Amino acid sequence: MTQPKRLSQEDERTLIRRLKVRDESALAELYDALAPWVLGLASRILQDDAEAEEVLGDVFVQVWRRIDQHEASRGPLVPWVLSIARNRALDALRRRRRWWRKAERWGAAQRLEDDPADDSVPGWPVHREVHAALAALPEEQRRVVLLAYFEGLTHSEIARRTGQPLGTVKTRLRIAHGKLAEALKHVKDWLR
Amino acid sequence: MTDWLGMTPNPRTPRPELRARVLARATQPEARGGRWGGGWLAAAALVALALGGAAGYWTRATIAALSAERDRLAAELAAVRDTLGFVRGPATRVAWVPVTTNGRLGGVTIFADSATRRWLVRCEGMAPSEPGETYQIWFVTAEGMKRAATMTMDERESSVMAMAFDVPSDVGLVTGAAMSIEPRGGSPEPRGPMVFHLRL
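Chains as they are written, first to last, in my numbering: chain A, 1 to 192; chain B, 1001 to 1200.
None of these hints come from the bench; they were simulated from the model.
All figures in this text were calculated on a predicted structure; none of them were measured in a lab.
One or more hints might be untrue.
[Stated by the list, open to error] Covered stretches of chain A, going by a simulated chain B footprint (3 or more residues, C-beta under 8 Å):
| id | stretch |
| --- | --- |
| 1 | 35-42 |
| 2 | 51-64 |
| 3 | 81-87 |
| 4 | 130-138 |
Just so you know, even glycine gets a beta-carbon here, dropped at the ideal spot from N, CA and C.
For reference, chain B alone in the conformation it holds in the complex (with noise of 0.2 Å):
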């Protein structure tokens, strides 16, 4: 009876935590699968939870970056509807006027929109400004002139600035615009070299 040849060997007695283990391995419920389907789970279940993250991480990543895209686009096309307001505008006056700046020949074309009291300025040109020194715009009016904007053109920029801004509600009927050469921050009244004088 080949049966019994099992006890031929001596016994051994096993390490006594062995005990506990062996009998609470035994006894847990059995996984679906079989052992090694439960390591294939466990395996399946790692990888994904590693492709969930990845996929979070890439998706969270993404949609920051589309965010800040579509706030960017937002931005130019607003910029964009703008600039058509203002050049629709059945209030608005176009103005060009040529200037040459430390020997360079440029342009300044106003936009103004009387209806909206909304004004575009486009620089295109223009010599940079000297340290220390910024280009201002004025609007000229019965009192005098006020102070519009200044507008410091840089060297590493390109050659053309638009800017767009608001006729203050203080300030009366524009008549004209100007622009003079003022220390940078600008100055509460014209005490540099005027660039050019326009009457709108």
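So that you can see chain A by itself, here it is in the shape it has in the complex (with noise of 0.2 Å):
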């Protein structure tokens, strides 16, 4: 598997500096790198093309607003980019309460999702990593790690919805975020 190509730590600390600078270049060198990952996740959770491009606004503007909350200490930015892009679809996913269309939407999206993608994209290797972690996660785990985090669902509406009893949901969702966490724990650094 090829490696991605990743920035040093100190580049990172150097890009979140310009940042809290207010140094708009490093915002652009930013939504040039996260943009598609941002548009990506967004469009996978709200399977709407206008809200996800609302949502990567968003996401740019708190980005912008907000990078002094950013904490190095708790970990790599592009993370915490993509949890403020996670979070501002689920807003308006729940917003919109369509829950039912939406799952029939994402279920087609499921299968959609074996197309090939632009893998010249920055930052391919590490979705490719992060896909071969869920892969290999058993199917009853990996199905209530994407409900959890692409539909917002509580642990309560992941056991409705599965038909499955709350406390095997929670140990489900504890098991396969060790092995994530296991299976990922090298991905920490900036990544282009």
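With the hints as a guide, dock the two chains, each given alone in a separate frame, to form the complex.
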């Protein structure tokens, strides 16, 4: 497997420092590197191009305004940005309250995910690593992880959706998160 | 490490035109009150603008209406004061003469102020002027009758008509008044039927 090309942690700190001193070119660099991933994540959650683009804009607004809230000690920049994207997208999803229709589209999108994508996008190797880590999970664990992450369902909602006891859902999530953390523990740096 | 799950979906390259829009939006100064606050501020500004416009329009319309009303009342007040001036003037003589026109009995009241040389003539209950005709008032002087004014009684108007006018400076001492029926527009000297002839 191709290893992602990464910037050093020093390079990432420099980028964050430039963002904090309101260097707009730093934001442009961040956009160029991360916008495809933010849009991909938002599109996956929302299944709506217009709303996903709206989230994309919201994310970079929030990054620009709240970069001071990013703490390097709590993790790299990319997951922080992606967590903003996920939260924004889930907020939009909850506002719409169209859970079932979205679930149907999500199911269709699952099949589309197998389509080849542009592997020239920066960060593609990490994408493959995450996929590999997910694929290594048993189906029942992967499903609860995806329901929690991409649909923002609570443990109780996942239990109702899957027809599994709440305790089972919690256990599967805990085990799955442990496996993912182990599989992806080497992915810590900013990537390009 | 679920932090990286955000990279599970395939990346999607944004439309090129989105880049400039997103970056411009991100780096523009933050509106006070935040996203929704800005929206509310904009909405409030629009409402205030609309209300201001409506208030301005209403104010202008009201001022125009009040100005017209003020002018009308001022004119009425001036007329009333003028009339009162005739009535209360120490040099004012008052004469009333009954007239019969076309079988209708009416009357003419004349207030003649010799000090200011102004007259106020009030006609009441007179028959409407025939088409092409008018009532003409004359100053009676030692040199004969001089034109004073014409008063056309209209069927559609009130049966009361009042008119104030000055005695021209070239008219000498006025000793009386007369009224005749003349062609519309008046005559230089009385030619039609005399309605009344009165000494003051």
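Do the hints match the structure? See the list:
Under the rule that three or more residues need a Cβ within less than 8 Å of chain B, the assignment of the stretch 35-42 of chain A holds, with 6 such residues. Proximity of the stretch 51-64 of chain A to chain B, defined as three or more residues with a beta carbon under 8 Å from a beta carbon of that chain, is established by the 8 residues found. With a threshold of 8 Å between beta carbons, the proposed coverage of the stretch 81-87 of chain A by chain B holds, since 4 of its residues qualify and at least three are required. Look at the stretch 130-138 of chain A against chain B: 3 of its residues bring a Cβ nearer than 8 Å to a Cβ of that chain, three or more, so the hint holds.
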